[in-house]
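Engineer: Sequences are here, hints too, so could you generate the full structure?
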Amino acid sequence: MVANQKGGVGKTTTTVNIAAALALRGLRVLVVDLDPQGNASTALNIPHTEGTPGVYEAIVDGTDLDELVKPCPDIPGLTVLPASIDLAGAEIELVSLVARESRLDRALQNYLAASAAAGDRIDYVLIDCPPSLGLLTVNAMVAGREVLIPIQCEYYALEGLGQLIRNIDLIRSHLNPKLEVTTILLTMYDARTRLSAGVAEEVRGHFAEKVLPTPIPRSVRISEAPSYQQSVITYDGTSSGALSYLEAAREIAQAGMKAR
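Residue numbers 69 to 328, in the numbering used here, belong to the letters of the sequence shown in order.
Derived by calculation from the structure, the hints in this document are not laboratory data.
A portion of the hints provided could be inaccurate.
Here are the simulated lysine-lysine pairs, DSBU-like style, with alpha carbons at most 35 angstroms apart [claimed, not checked]:
| # | residue 1 | residue 2 |
| --- | --- | --- |
| 1 | K74 | K138 |
| 2 | K74 | K246 |
| 3 | K246 | K278 |
| 4 | K278 | K138 |
| 5 | K138 | K246 |
| 6 | K74 | K278 |
Since we're looking at a predicted model, the values are computed, not measured.
Structural biologist: As structure tokens, this is what we get:
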């Protein structure tokens with residue numbers, strides 16, 4: 069899962085581009101768009117207007133994921149469970165449901181098992197969390213095994229992170245003992261400024277080897293790509309942003325191979 073309750077740190081951008089980069093390496097990747105804004109769905113060219121079936125139907129109505137998951141038209145091997153604005157009401161509706169914290173986990177586990185049995189094993193599931201610590205994010209934490217935290221190289225970068233880490237510890241204690249923070253990705257890095265270098269040094273001092281060696285630079289191309297319903301990798305594969313995400317995805321895949 070990709071999480072940070074601060075907005076504007078590059079969660080969705082990271083989810084979309086790491087997913088695209090992993091899929092282009094020949095891996096099977098599922099993106100779960102858990103943000104009611106549906107920005108990950110937009111960037112991967114998946115329809116998600118109001119009423120479009122997606123993650124809301126999966127967690128509130130219990131609809132099977134094989135009826136809801138859509139293939140990304142631009143990247144073979146990449147599929148998406150879209151989010152529509154209907155998801156905005158799910159936080160309230162989940163409160164009264166049985167096993168409200170584990171509904172996404174149950175839906176995902178059934179889908180992954182069915183896919184594997186059909187000879188179509190999913191290698192990576194990336195969950196794009198909303199910028200809050202509500203029930204949707206709790207569902208992601210219960211369904212997830214690893215947390216990737218994007219941290220922007222700006223003032224107050226670590227502000228609020230303590231609360232996220234405490235919440236992860238709570239979920240680990242009570243609902244999902246397998247959950248752990250494994251990856252920190254530095255985003256919006258500007259090599260020309262002392263500020264970026266200082267924040268990077270502070271984050272590396274804090275999280276050590278969990279921080280990926282490759283930071284993601286500030287890039288106009290990264291910002292432009294979603295308006296064309298694309299990841300930066302398909303929009304401009306030779307840009308610094310695309311190359312950085314490709315390298316970061318390689319580092320993630322390499323770490324995953326070592327862990328197995």
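Engineer: Look at each hint and say if it fits the structure.
Structural biologist: Evaluated hints:
1. Between K74 and K138, the direct Cα distance comes to roughly 28 angstroms. Compliance with the 35 angstroms bound is thereby established for this hinted pair.
2. The hinted pair formed by K74 and K246 meets the criterion: a straight-line CA distance of about 24 angstroms does not exceed 35 angstroms.
3. Distance restraint check for K246 and K278: the Cα-Cα separation of roughly 17 angstroms lies within the 35 angstroms cut-off, and the hinted pair is therefore satisfied.
4. For the proposed pair K278 and K138, the alpha carbon gap of about 32 angstroms is at most 35 angstroms, so the pair holds.
5. A threshold of 35 angstroms between alpha carbons decides the hint, and for K138 with K246 the separation of about 28 angstroms falls inside it, so the pair holds.
6. Between K74 and K278, the direct Cα distance comes to roughly 20 angstroms. Compliance with the 35 angstroms bound is thereby established for this hinted pair.
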